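Participant: Take a look at the letters that make up each chain.
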Amino acid sequence: MTDLNCPNCGDRIDPMIAGRRHVVCPSCGTSLLIEDEAVREAGQAGVMHDVPTLFRLGDTAIVAGDRFRILGHARFSYGRGWWDEFQAVDAEGLSGWISVDEGDVAIQAPIPLDHAPRGTVPPALGAQFNVGGERYHVNEADEATCMALRGGFDEDLAVGETYRFVNAVSATGRLLSGEFWPGGRAWFVGRWVDPFDVTVERGA
Amino acid sequence: MTRAPELRAINCTACGAGLDVRGGGRVLAHICPYCGTELAANDNYRALSKWQNLKRPTSPLKIGMTGPVRGVTFTVIGTLEMEERWGSQVWTWVDHQIYSPTHGYAWLTWEDGHLVLTRKYRGGTEPGWISSDTVERADHRPSVRADGRRFRYYETSTARITFAEGEFNWRPRMGDRFTTVSLLGEEAMLGFTDSPTEREVEITTWPPQAETLAAWGAEPQPKSPVRHPIRPAWRLREQGFMLTAGGIAAVICLVMGMVFSLDNGRVVLDERSLAIGALPAEIGFELTDTERLAIIFLGGDVSNSWAFIEAALTGPEGETIFEVGREVGYYHGRDSDGTWTEGSRDATLRFHPPQPGAYTLEIDVSEAGVWNRSGSPLSTVTVSARESASSGFWFFAAAGLMLLPGMLAAIGHAISSSRRWSGSDWVDEDDD
Amino acid sequence: MNLFRIVFLLCLALAIGGAGYLSHYGVWRDSTDITRSIRTGTYGPSGVGGRVK
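Residue numbers (numbering that gives the first Met the number 0), protein chains in the order written: chain A, 0 to 203; chain B, 0 to 431; chain C, 0 to 52.
For reference, chain A alone in the conformation it holds in the complex (with noise of 0.2 Å):
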């Protein structure tokens, strides 16, 4: 992997998260693309307060033996507060989404669309769908802005950015989450994880 470097102040990006599409300028903070390592600029990166986490950016998070490289932090608001994102890699290479809720931890990977519930537009409260052999149903649909972005990410994130989302859980305590954006949506499934079953790697 070769070198990267912020085309705003120069400064050079950590290859670990220069490998992802979407990545935060550490030293000045700007928002950048990465589009077949031609680096452009994509916005600000916006305001994260300091708050006490489970873990950082550039953390390890064990959880059930498995390990996951934190190689981004998205903070989203609704309302009065806010809950953070964390982009993730594990063991295999595999991106993962770990949301932190206070004490609220649920681990997530992306699905193919084809495999997800079909529809445009977010479904309301109490909707059941069938995925991967479980049955959920949507207890939660709300809006989020995203507030703040650090570090490295798949997706194209921009900080003032608002979507829909819902979140669906199964019997077995299994988690489904929808994001719908003009012109997208994604679905992601996972599960919720004891916050006291999940040890941290500190980074560099």
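Watch out, some of these pointers could steer you wrong.
Coverage of chain C stretches by chain B, computed from C-beta distances (three or more under 8 Å per stretch; other residues unrestricted) [stated by the list, open to error]:
1) 2 to 8
2) 12 to 19
In silico negatives: residues of chain B with every beta carbon more than 12 Å from chain C [unchecked claim]:
3) R121
4) P126
5) T155
6) R170
7) M173
8) S373
Each pair of labels, with its calculated beta carbon distance range [as the list claims (entries may be wrong)]:
9) B/S375 x C/T31: 26 to 34 Å
10) B/P315 x C/T31: 23 to 31 Å
11) B/V369 x C/T31: 22 to 30 Å
12) A/D65 x B/G422: 24 to 32 Å
13) A/R163 x B/P231: 41 to 49 Å
14) B/Q88 x A/R163: 46 to 54 Å
15) B/W85 x A/H48: 24 to 32 Å
16) B/C14 x A/L93: 23 to 31 Å
17) B/E210 x A/T52: 50 to 58 Å
18) B/A213 x A/Y77: 38 to 46 Å
19) A/Y77 x B/S223: 41 to 49 Å
By construction, these hints were calculated from the structure, which means they are not laboratory data.
All values derive from a computational prediction rather than experimental measurement.
Cβ coordinates follow ideal geometry from the N, Cα and C atoms, glycine included.
Take the given structure of chain A and dock chains B and C to it, following the hints.
Facilitator: Then chains B and C, alone, in the frame of chain A:
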């Protein structure tokens, strides 16, 4: 959602008192400790309802105290008093909502002098839900599997809130009833709670009491007179090892015991038959091994008869070694159940020879008799002898001894386990 | 493996060994009426066990 850090201190919109905000962004209700007004924490603290809150419940924990839960610092943010009524009986307990910005919300409950920790249970359970109806209809004590462990039905309780103060991540309402079906496992209790707004599965554990109270800065409390069901049963840590190792050793001993008991040594006197008419008779043989057992085998051909054989052994220097008698009697017949036999035709004499040399055995029959008409009296006595024999006895005794520590520990654990369940409200329909 | 287990296993081994010794020499396995009848002498290898009266 995490609360934006700008929100630190707020005033009660009803009475104006300053409120300390200790919880996170998920706090929905804040009940003013001064006037009892319930304020919507996520909606500009507008007044929702008012709590009577006649008397603050007694508990070693107070709002604002901080302490560790599995190494993570939590803060007490709210206090509830709960009451359950059944007939004329009333139980009360105190639930404290605790909060950590990284590990979320949980409960510390003070009941009957015990402190227990309750947290949301995220893992799936099999079956996914147990209701009080399921329990009513069940013939056998219902159970649930969670995280590879088994939890068995303990009790159903319906409680209501009688006092509320502080912050909560839900909206408590006066008169709300919560029905909880509790199932007890080896080290925790699973609770399936039905409330007006939702269903929740929680897991409760019993922490070391004195240490936990001290770690939270609470006043030490006297040891509770009541045994709490969640407290794990007494168990010796090495109980399993003792049973396994002792069991394997016991099996080895049983096998060795059988091998040794079959070892009757080497022959020093081939079997001789003595006709009863030739008695008393003397037989000589050599014994060389003084360290191991010598065995004299006596036999009589009794059939539905008996005889008393006398044996006297003289040593190499003519000294009397022993004078003993053995009864032989053998009976057999037929009845409604088939053929039967009773008694023995053989007798053995085991001893350690005092010195090597020539021994003389005198055999006589002092008494004999016939049991019934089909009986034939003793006609021949057989004698043989061996030396350097082994015994299996000590191995059998050792086998029993080896199982003892493990079994005592297991019995102790079983008794302690059954005591844990003494408060369960399950009644087996079959029991009278 | 910890100290308790090591000691426990040692005790088991000693018990097996001890049982082997006692069983081999038939210690205290003389017929009871004979032990009462023997008036003189010791039994078993010298150094083991007491006298019987």
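Participant: Confirm or reject each hint.
Facilitator: To see whether the hints hold, each was checked on the structure:
no.	hint	in the structure
1	2 to 8	holds (count 4)
2	12 to 19	holds (count 5)
3	R121	holds (34 Å)
4	P126	holds (40 Å)
5	T155	holds (42 Å)
6	R170	holds (52 Å)
7	M173	holds (55 Å)
8	S373	holds (32 Å)
9	B/S375 x C/T31: 26 to 34 Å	holds (31 Å)
10	B/P315 x C/T31: 23 to 31 Å	holds (24 Å)
11	B/V369 x C/T31: 22 to 30 Å	holds (29 Å)
12	A/D65 x B/G422: 24 to 32 Å	violated (40 Å)
13	A/R163 x B/P231: 41 to 49 Å	holds (47 Å)
14	B/Q88 x A/R163: 46 to 54 Å	holds (51 Å)
15	B/W85 x A/H48: 24 to 32 Å	violated (49 Å)
16	B/C14 x A/L93: 23 to 31 Å	violated (55 Å)
17	B/E210 x A/T52: 50 to 58 Å	violated (28 Å)
18	B/A213 x A/Y77: 38 to 46 Å	holds (40 Å)
19	A/Y77 x B/S223: 41 to 49 Å	holds (44 Å)
In summary, the numbered hints that this structure violates are 12, 15, 16 and 17.
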